[in-house]
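Undergrad: Position chain B relative to chain A; hints supplied.
There are 2 protein chains.
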Amino acid sequence: MNIEQFRKAGYQAIDRICDYYYALQDSKFPVLPDVEPGYLRPLLPSSAPESGEDFSQIAEDYQKLIVKGYTHWQHPSFLAYFPAGFSFEGILGDLYASSVSNPGFNWLSSPSCTELESIVLDWASKMLGLSGSFLNASGVGGGCFQNTASEAALVAIIAARTAYKAAHPDTKLEDMRIYTSTQTHSLGLKAGVILGLTVRALEVTREDNFSLRGDTLRSALEEDKKKGLHPFILIATIGTTSSGAVDNIAEIRTVVTDFPDIKIHVDAAWAGMALVCPEFREMCYLKDINAIADSFSTNFHKWGLTNFDACPLWVRDRKYLIDALDITPPFLRTAQGDAGTVIDYRNWHLGLGRRYRSLKLWFVLRGYGVEGFQKHIRKAVDLNKVFVELVSSSDMLSLCAPPSLALSVFRINPKPSTLNQATLPEDALNDLNKLFYGRISVRKDIFLTQTVLNGQFCIRLAIGSAFTQDVHIREAFEVITHEGKLTLEAWDRLLPRGP
Amino acid sequence: MNIEQFRKAGYQAIDRICDYYYALQDSKFPVLPDVEPGYLRPLLPSSAPESGEDFSQIAEDYQKLIVKGYTHWQHPSFLAYFPAGFSFEGILGDLYASSVSNPGFNWLSSPSCTELESIVLDWASKMLGLSGSFLNASGVGGGCFQNTASEAALVAIIAARTAYKAAHPDTKLEDMRIYTSTQTHSLGLKAGVILGLTVRALEVTREDNFSLRGDTLRSALEEDKKKGLHPFILIATIGTTSSGAVDNIAEIRTVVTDFPDIKIHVDAAWAGMALVCPEFREMCYLKDINAIADSFSTNFHKWGLTNFDACPLWVRDRKYLIDALDITPPFLRTAQGDAGTVIDYRNWHLGLGRRYRSLKLWFVLRGYGVEGFQKHIRKAVDLNKVFVELVSSSDMLSLCAPPSLALSVFRINPKPSTLNQATLPEDALNDLNKLFYGRISVRKDIFLTQTVLNGQFCIRLAIGSAFTQDVHIREAFEVITHEGKLTLEAWDRLLPRGP
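Read top to bottom, the protein sequences are chains A and B. Just so it is clear: in the first sequence, position 347 is 347 by this note's numbering, and no numbers are missing. Just so it is clear: in the second sequence, position 489 is 489 by this note's numbering, and no numbers are missing.
Next up, chain A with everything else stripped away, as it sits in the complex (with noise of 0.2 Å):
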């Protein structure tokens, strides 16, 4: 393909994606597909093609093939897991990034992209109301990329690993724990298996809204160091995944006040993002979370209006990372780097090669401004409220924990009367869910998922796509509601008839 010939494909392009996005916003298409699974092998050849063909035909099957097996992440509907961040802005960041393709792994390989990460994870840093401390330009602290939620998390525990054992040099692999909670994301589990090491995940209670509090944390901590084991991590969730709990950061920085060899990581992936709203500190523990993270990441790429992916992580300390992850042989020596004059970001994550992300957050902050983020995170937290009113004014549904943010966690649990027997027992309630959460997930006009809550399984709704309106969450409530009545009438057909 040349020059022109990529001039015409390009417009092309961006034609399709506008015409992706009316269609999008005016759901004229479901937001699950209707492919079974393996349905694109049969329409595929075998191998690639010998001789190269002419890019109107590779497009052409793009739209036919490809494009009807996507699950719409964007959709004003989709209201699983959490939101993937998109905008107009995004795209156009990856666009003029993918097009000068480079994997800046150290100043020299391009500055503009190490520079801009530098400033832009500033601005974003700031913008969430981080400490100072975390700020590149402080020389000390700072931020950077890393690919997930999930790879930030195994960043820090390899991090917090290599100065314990620096501090420690006798320590067994075998006897270093790391904590979470049991609500803490599947990450924590993953950088175990991953790094071999033992996970502790401490109990937290519905009472306390599965948040995990100082003195369980204590209580596992003095108990693991008498067995002769070496605390050295936790990780802190704000906004858990399931419901969106926080983690009583103001309890724990007492706690570790005790236990100073222990590092903070902070998991803020989804709700991070509120910290851009004054009101939202409180509750998210800013001001602790300033006095103790050793780190803190968030995903721009879930609540954060930026095209997957953009994940920050950010140290009080960077050599925090670099001890741990700086291998200089001499081919990646240069003058720069060796004079000390330069970030070489390379030192900071797991690969070598990185993308250039700064980019895209740069023209969506510019382009949205801190009042935009606002604007965006509070009409989704508003529309959750809408919502919730609607889940409190129906006899068939409730809350399973308070709302948190733009996320509710709900099941059917019905009132006596609504049912021919008493009340339901925990166990039938369950089974009556997943029947309930069975004929949701069928359904390709709206997408939610499932999770569990010490033993109770409920459904997740979660907002953020930039689309969703409130007609489309009282929408989402009536198809809701409606299942629910044929779940509660299937059931009742299963039931053994009263007197």
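Honestly, the hints are just simulated from the structure, not real lab data. This list has only true hints and no planted wrong ones.
Cut-off 30 Å, straight-line C-alpha distance, at most; resulting in silico cross-link-like pairs (BS3-like, lysine-lysine): (1) Lys225(A) - Lys165(B); (2) Lys126(A) - Lys375(A); (3) Lys8(B) - Lys375(A); (4) Lys172(A) - Lys165(B); (5) Lys126(A) - Lys64(B); (6) Lys165(B) - Lys227(A); (7) Lys444(B) - Lys485(B); (8) Lys444(A) - Lys434(A); (9) Lys126(B) - Lys64(A); (10) Lys8(B) - Lys64(A); (11) Lys225(A) - Lys172(B); (12) Lys126(A) - Lys68(B); (13) Lys434(B) - Lys485(B); (14) Lys225(B) - Lys172(A); (15) Lys64(B) - Lys8(A); (16) Lys172(A) - Lys226(B); (17) Lys126(B) - Lys68(A); (18) Lys172(A) - Lys319(B); (19) Lys172(B) - Lys165(A); (20) Lys227(B) - Lys165(A); (21) Lys8(B) - Lys8(A); (22) Lys28(A) - Lys8(B); (23) Lys225(B) - Lys165(A); (24) Lys226(A) - Lys165(B); (25) Lys8(A) - Lys379(B); (26) Lys172(A) - Lys227(B); (27) Lys226(A) - Lys172(B); (28) Lys165(A) - Lys165(B); (29) Lys172(A) - Lys172(B); (30) Lys226(B) - Lys165(A); (31) Lys379(A) - Lys8(B).
Chain A is faced by these chain B residues, among others (derived, beta-carbon under 7 Å): (32) Ile119; (33) Ile158; (34) Gln336; (35) Tyr368.
From the structure, some residues in chain B lie toward chain A, with a derived Cβ separation under 10 Å: (36) Gln5; (37) Asp15; (38) Asp54; (39) Ala59; (40) Ala97.
We put the CB at the ideal spot given by N, CA and C, even for glycine.
TA: Leaving out everything else, chain B in the frame of chain A:
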């Protein structure tokens, strides 16, 4: 930004990318930017704006402030590191992929993303001549994208460690050993520090062209086994970074029949792409790779025409990865995953969310066809032959290792007649060549990188940009010769005069 504003900004972006490539192919600007460390910070505000800005202003600032700080990896005179993959098809793939921003961690989260990846990596696997065991269609083995070759190797090591620990549960992590050669990319050592495991880098010699030999491996394994240590994986390299050395997989194949517990990961990050040409398969030990490799990785984002990043990892047995990396909390369960009818790629790598990269590789494979890939590889190899001939004709320069595909490593090694002394000792030669590289590296019109081969300081010249032509290699040689002469003159002035 609304849809029509996006259309306008999108067209503008396409046009500007066209302008950029017209200028680049005519070498209208140098390969390296003329900026100093810290150039950008004073040019940008210290915080994100409060209100959103108009995109036309943002796009202007991009052109004015950011482009000037790029190292131009696609420039015809970019001869540093290894090339970064690029094609217009690749940009278009990134653009369409970015437009549906999604983190396709499981099948349901976007069926076509998973299915296309599964199919396209089969196309790629066949194109490179890998064994049918590595095909996703086999239902047993398969391939998926990792972030970089470093992370592919890391994943392979984690899988091998997990398999070894499953077979030998009492093994202490402290006693486990990873094997590499001293020429293995820093990804080996980095994986060691990440995982807290010891890496033993085996010596290779100049006489063996820096290739790992079977006897060296056998002695090390026997020695370590005698010490009670646990060898569990070898990272073998096809095309090392310093000199393009190829480990002797045929000999390694014989050795490992006696050590059935040791897994083999083949890192062919750069040179693997040469497997597309039948004539390079024997020198890359393809037959032996197909016989013994547990995993194999190469970067389409290096020599493979695909914009960063696109690094597949293939395994002979997908359980190898899944056993090590599958963590499935309730909120990630799906009907299709539970039924086992789909691949959930999140269980094949470190993170959870994953970029949608199959689209661009599909575009590139179709746009170029197998013949287009072969032409691209052969062109770079042929250009390297031109460079090698020029070096051979020089009485100042000599190669430090045999040329490997599209990579040459050279240094000044002057004939005694060109200096006022008999011969130079090795230390002085190194000093001379550092001076030489110092001169080359301050130029902006050509970009080469340094390395050290068994103590010998040398300069690498790696060819692979789609825009590099014969004339650019000849120009590069002229620049090198010019700087070499000036280096020798300066050196001559520094030396004590002869009698």
